[in-house]
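Take 179 as the starting number for the sequence shown in our numbering and just add one per residue.
Hint data in this document are derived by calculation from the structure and do not stem from the laboratory. Quantities reported herein were computed from a predicted structural model and do not represent experimental measurements. Where hints are given, some of them may not hold.
Derived SDA-like pairs: lysine to any residue, alpha-carbon spacing no greater than 20 Å straight-line [to be verified]:
1) K310 / A395
2) K194 / S389
3) K341 / T258
4) K341 / H358
5) K310 / K194
6) K341 / P307
7) K194 / A395
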Amino acid sequence: MTDHTRRIALITGGNKGLGFETARQIGQQGHMVLLGARDPSRGEAAAASLRAEGIDARYLALDLTERATIVAAAREIQATYGRLDVLVNNAGAASPADGPVSSVDVASVRSVFEVNFFGTLEVIQAMLPLLKESTAGRVVNVSSTLGSLALQSDPTWEFSPFKPTGYNTAKVALNMLTVHLAAELLDSGIKVNSVAPGYTATDLTGGSGQSVAQGAAASVRMALLPDDGPTGGFFSVNGTEPW
């Protein structure tokens, strides 16, 4: 049965951390939220937790390294809802073997790209026909200021010394994907933006940093953009970030 009354948002990696908090905040604004996650038990538990808060949340099986799950997720959304209004590409990965260009394990770089770039690209391609059925589609790519060429080339920037090759270059690639997709969809009404959550307490940071509520703020703002909002940009809670 197609739901024509509520806006529908898919958040990849939505069962924990930034993704879960992003889903919570979007759900609090009245959206139905689909939590894309690999692990069924964790995904169902996360959705149940949000439903206990009065949010319409549902688990959706989705593994960015398994194309079949991406295709199946798109088919399920099509069959159940007929469209998708918001796509938040939140799922990301890092590798403990990541490191400097001169010594990094190339296999680890490939593994990071598999999720942070290629998997995200496949999700976008699968969900785009559904987003085109929305009257106000929104795509949010969760990037990082670590993927800013301008900041990374500034030796005075506080995070300049932190240069894991795989993670940073994958975020650069994701930002370029944002620019290209926004240009391709410029006349469609679909808005596409990258966001930098900031240094946030998640599994990737070992639990250090700002709260996930603070980290999710930029993603939520871009997901809920009005029709006159920007597209093709890179944003944080502080405003526009340099590419």
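Structure-based check of all given hints:
1. K310 / A395: It is violated: about 25 Å lies between the C-alpha atoms, which goes past 20 Å.
2. K194 / S389: Distance ~13 Å between K194 and S389 Cα, so the pair holds.
3. K341 / T258: 43 Å, violated
4. K341 / H358: 25 Å, violated
5. K310 / K194: Not satisfied, since the Cα-Cα distance of roughly 28 Å exceeds 20 Å.
6. K341 / P307: Distance ~36 Å between K341 and P307 Cα, so the pair is violated.
7. K194 / A395: 15 Å, holds
In this structure, the hints that do not hold are numbers 1, 3, 4, 5, 6, in rising order.
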